[in-house]
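Using the sequences plus the hints, can you model the full thing?
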Amino acid sequence: MKIENFRQFRGIQEIEFINPSLPEGNVTVIFGENGRGKTGLFRAIMFCLFGERRLSQDGGVSHKEIQLVNTSALEATEGAPVRTSVDLEFMHDKKIYNLRRAIRGMIDAGQIIEEEDEKKLIVTIDGNSKTLATSEIDPTINNILDRRVKDYFLFDGEKIERLTRANIEQQKEISAGIRNLLNVDALETSIRIIGRVAKTIDRELSDSSNEELSRIMNRLSDNEEEQNRLQQQIEGLANEIRLARHEIEKTDNELEKFNEIRHLLERRKSLERELNTLEQQAKDFLAEMRNQVCKAASLIVAPTVINVFEHIEHQKQKGEIPSEIRHDLIERIINEKRCICGNDICEGSESYNHIMDWLKRTKDIKTQDVALSLWRHLGDVRNHFGDDASIVERNLQQYGNITSDIANINRNLENVRNQIGTSERQDATKLEGHRKSLQDNIISLIANDRRAQEQFEQLKQENDRLRALLKEEKLKVGLNDEMSRRSILVRDTQDALTEVYNQFTCEIKKLIGDSATQIFRELLDKEGRDNLRTIVVNDDYSLQVLDRYKKPFLANISAGQRQIMSISIIAALAITASQGKKIEIPLFMDTPFGRLSYEHRQHLINIVPTFASQWVLLATDTEFRRQEAQLLKNGGKWAKFYLLHSTGEGNTEIRQQDIDSAQVILRDEEEYQ
Amino acid sequence: MSDDKYTTPNVNALIIEKLNAYPKAVRELAIQAIKLSEQYSEAAVADQLQTILRKLAK
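Sequence lines, in order, name chains A and B. Residue 664 is where the first sequence ends in the numbering used here, and the numbering goes up by one at each step. Residue 173 is where the second sequence ends in the numbering used here, and the numbering goes up by one at each step.
Do not rely on the hints blindly, as some may be mistaken.
[Claimed, not checked] Derived lysine-lysine pairs resembling DSS-like cross-links, with alpha carbons at most 27 Å apart:
1. Lys462(A) x Lys141(A)
2. Lys141(A) x Lys150(B)
3. Lys133(B) x Lys462(A)
4. Lys628(A) x Lys190(A)
In case anyone wonders, no lab produced these hints; they're calculated from the structure. If you're wondering where the values come from, they're calculated on a predicted model, not measured in any experiment.
This is the structure in structure tokens:
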């Protein structure tokens, strides 16, 4: 990359990311203090590729407020225009691309104005070069890398931090990331438009057709409106719950300033953690017991089953089922009044009476077969009763134990809360009171949310039923009716698109979770790996880490592990953005070491170069020291080392350094203490 | 580490693949709705879809 008068970089300066004498080297370290322009180099690449000035870390700052032209160059020319350019040479799919983007900056009436100056792309294949038309440049670049996902190749400290906390920022980041990756705007828009078209056609159909059809369509329309209202209510409640929890966190931080109640706060934190775990266990148990409703239901009829089985068993033992003498033979004997031995049988005689008894006791063949089949089946069922009863009893007992433990913890919590609330410090008491009202509010919000979700689910089921009914009515109106056919087709398409969207977002969340898990486990130290097993992206786009028992554990992981988790998620998004291939575009990581222990840093340094074609590490002196430099050197992938040196007046010079000089330039950990 | 260790499928192909499970007319209308939504305004797409619907429903 060659930059000219770009941001802090005055004049023409170059960075080469590869070292021809170390072809497998793919790590570049750019070292400099804060404000020297480390992120500016990533910004230069994005500007050159896409004409973009803003990065996601700029937040609400507008495009026009980001100045690209070097200020001191402008001042030196005393008002004459200054050219600012970025030239990028890169390889993709065996082609070499030489891209230039330039602007012209000048001072006009005290304002800095920047205008587009040049845009040029030369593509070389097998030594043959071609200059593309200006109109072809942006589509060509977008085909290589979609601009929507460009931000996933810069891992900055803020992005990493945003993902470490289970809050609305985390969910927004993940949700936005996944939506950008999926490119679902078109899919979401098409679902919305198809819905509109469906409503228009149904309105026309309703105006022109029978009463029953109109009634169903009106009802469906009212329900759909109510569903939308409930959906918004549910989202609003989720947001309120999140804010209340965030407020509780802030209150807890305030309370920790009171030394005299710190032990109580620790005790409360421990009890609340325990309570969360138990409540989750209780929830899991309830879900498990719901799955075993069949077992429990069968136990209700157990006495009847056993009675019937024993009755048939008794008849079997008496020789009545199957009967020792066939029923039809006995009937024949009675009708012919002659025994099988040939003797006559007179009505009213002893023999005749015996035979009549047999007749009463025996059943016809069909009934006997049914009875025997029933006996066998009931025998199988009866065999399970013992086990089923044990399982149900055990679950009920365990559930009972858990609810009892929960009740105990709640009592202890109440005690601790009262003690905090009645401490001699009035401000602590006030804070505790505020905390309690926030918690009561959360309980009430959760109850409202549950009610709204139940109503939503009921409406959904009713709507499914109404749609099926509507389809039947439309078919009754007549397949020859073109409007009915259009109505059916558009509704079917709406359902299809919605189903595809839901399936798709589910699958991509799982893909990202799986990819993140793979990276996560490679980055963790041994203890982390033993305990932490999986990263999951939840339905609401929040993150969760499961432990070895597949239980949620995010609340208990350390700050360093959280950082590893968020790096893993961002890497997974970047890998998915590269459509599963090795990440071609250089991965920029801005001060990723932050809170990481030495072993985690080691893993990061070893693993990132394996899934990224190039790794550009932007580092400051506090986190890139001799130890990290040695680790990189040992890995054999460190290709280039640049120092961003301040030359005064806000300008920076890019100075290439020999990698071996890192041991001289950098400091040891002890030198910071 | 092998290159395909972190392989994930092409996300764009998944949508079309899933739509293959639906009847021809539904699939066609769905694909047209997505493609048109990428290029035109909502009102324009709605109009074009009505025309496509009439053809498919015949």
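Quiz item: Straight-line Cα separation of Lys628(A) and Lys190(A) no greater than 27 Å?
Solution: violated, 60 Å
Would you mind confirming whether the straight-line C-alpha gap from Lys141(A) to Lys150(B) stays at or under 27 Å?
holds, 23 Å
### Task
Compare the distance between the alpha carbons of Lys133(B) and Lys462(A) with 27 Å, and conclude whether the hinted pair is satisfied.
The given pair, whose Cα atoms are some 23 Å apart, holds under the 27 Å limit.
**Item:** Straight-line alpha-carbon gap Lys462(A) to Lys141(A), limit 27 Å
**Value:** violated, 45 Å
In the structure shown, a violation is registered for the earlier hints numbered 1 and 4, in ascending order.
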